[in-house]
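Chains A and B, in that order, give the protein sequences.
Read in order, the letters of the first sequence correspond to residues 263 to 573 in the working numbering.
Read in order, the letters of the second sequence correspond to residues -11 to 279 in the working numbering.
Note that these hints are calculated values from the structure, not bench results.
Values in this document were obtained by computation on a predicted structure and should not be read as measured data.
Mixed in with the good hints, there may be bad ones.
Straight line, CA to CA, 30 Å or less: simulated BS3-like cross-link-like pairs of lysine-lysine [stated by the list, open to error]:
{"#": "1", "chain 1": "A", "residue 1": "Lys432", "chain 2": "A", "residue 2": "Lys566"}
{"#": "2", "chain 1": "B", "residue 1": "Lys13", "chain 2": "A", "residue 2": "Lys470"}
{"#": "3", "chain 1": "A", "residue 1": "Lys566", "chain 2": "B", "residue 2": "Lys105"}
{"#": "4", "chain 1": "A", "residue 1": "Lys470", "chain 2": "A", "residue 2": "Lys351"}
{"#": "5", "chain 1": "A", "residue 1": "Lys539", "chain 2": "A", "residue 2": "Lys351"}
{"#": "6", "chain 1": "B", "residue 1": "Lys105", "chain 2": "B", "residue 2": "Lys193"}
Residue strings, one per chain:
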Amino acid sequence: MSVPTATVTTAVRTSASSSRRHSPGRVLQRTAPLIPAVVLLGMFLLGPILYSLYGSLTDRAMSGYKAAAPQFVGLDNYVALLSDPAFLKSILLTAVFVFASAIVGQNVLGMALAVLMRHCARPLASLVGGIVVVAWALPEIVAAFACYAFFASEGTLNSMLAFIGLTGPKWLLTFPMLSVILANVWRGTAFSMMQYNAALAQVPPEVKESAAIDGASAAQSFFRITLPIIRRSIATNLMLTTLQTLGVFTLIWVMTGGGPGTSSSTLPVLAYQEAFKFSQVGYGTAIATVTLLVGAVFSVVYMKLLKPEVD
Amino acid sequence: MPHMPDMPQQTAPLRLSAPRGRGLKLAASAIMALIGVCFLIPLAWIILSAFDPAATVSISVPETWTLSNFTEIANVDETLRPLWNSVLISLGTATLTVVVATLAAYPLSRFQMRFNKAFMYTILFGTCLPITAMMVPVYTLFVSFQLLDSVAGTIAFMAATSLPMAIWMMKNFMDSVPLSLEEASWVDGASAMTALWRIVVPLMKPGIAVVFIFVFTGAWGNFFVPFVLLFAPEHQPAAVAIYNFFGTHGSIAYGKLAAFSIFYSTPVLLLYLIVQRRAGGGFAMVGAVKG
């Protein structure tokens, strides 16, 4: 991981900066370049988060008198959330989506690709690696169209099945979650593949050689030696793919629109539907707040994981 | 793998692991090729459909190859203006982000201040939040600020969301520029800002380019933010135009959709290649904030 591993404390401590540290004018002069960043972050990132907390306590609507003068309704939205089957289902769908596509799909396939790349023919490794990365580097909406075309009723998957004499189901209607999970694996695996590629390159070959001399099989050497050595990268990658997948909107929106009904509405999709399709802005904001809180919990865990590296 | 024991003694006596190695390589290559085909098919659909006058939602090799899909959409309303809007929004976002992040990174990298650590932790926390979850409150906030349908407001919001990662990257790049080079200019009486623009920035040009391209491609590919915040067709970037194109046509013209996708994707794929060259594998963390 290149970004978050940097040290937080500055490596350079000049005599100039420590000797006159206490002069308030100096401090102000030195902090001044931070002001634009603080203003932007405050207005457009912290602002919406605070607004989200407050807005979720009102009955704000998209139009009508509730849009002009929203009432403070306390925790009503949250109480309503807890008894709303669509919301409870959405929590479950989000958990399934994140677990199946990020934690299992992207990580296992990414690791498998990284391992295979080290053992298969060189040109094949770079060719397949390149294809996988293109799927990831494409703009999200284009990736979503490509996946839509693959899973559509008359789409590629079903025409391939027809070619071998099978009739495929209407994937996007009958198995919407399976379709978006596979699509997210297709799109996101490159990230894990690159992380694990870098991690595997760090494993010293001598360790594995000596294990091989001691008679360890390839599988033993992988599970007993390689995995423990790169466990840090695995934890980091699990965290990052989880956070990324938690926020996925476009892929699901284009492929299924969250439907049929709400059967593939993960939390970001449901928040959008409630607020913009059903005009329940306060209610949608409450869902957004819950999603942000879930994200915040994961972020804290992630930072705790990195802490020894950061300090 | 383990079940081809002792044949290679005559052929390669020096490589102890040769039999296992060869079987392994063959099996690995076969699986790799299979996975590669699975990943290729959805991509191949885009490319084949773009050159197919009778493209459908299913993949097929065109009976006649044509460029008509490209030429038919190469007009101002459908393609050029949305792409131009994408250029404006992405350039604006990337420029604003890079300038603000460079300024912010300087004190964080150069001076030891009491709040540095807290600030960097807050920023790190900010890089992790699912931004898509925020679009409903952002919309209501934009209503209050009367910023809806404003390109400038959208740029400011997109810059704010890319700032945390940009500040992290920028501070890392700046930490690697030795301080001794600026000290000389300080002795000569230059201010911190002069030292930053005259000495530090020129030395970290490659790093700045990486941050710029990273923010640019992120903004270029962003669909959800302009989808929620911009309404007028003349403001919408390609990501939203392509969605409307897909959503409003009763029977979708898949060939044109694919051709548009190629127009729209090629610039970011090229930029991605450039960054890959420049930063090696360092671009990998970009995925952390994608989507």
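Okay, the hints, checked on the actual structure:
{"no.": "1", "hint": "A/Lys432 to A/Lys566", "result": "violated (44 Å)"}
{"no.": "2", "hint": "B/Lys13 to A/Lys470", "result": "holds (18 Å)"}
{"no.": "3", "hint": "A/Lys566 to B/Lys105", "result": "holds (14 Å)"}
{"no.": "4", "hint": "A/Lys470 to A/Lys351", "result": "violated (46 Å)"}
{"no.": "5", "hint": "A/Lys539 to A/Lys351", "result": "holds (18 Å)"}
{"no.": "6", "hint": "B/Lys105 to B/Lys193", "result": "holds (26 Å)"}
Comparing the model with each earlier hint shows violations of hints 1 and 4; every other hint is respected.
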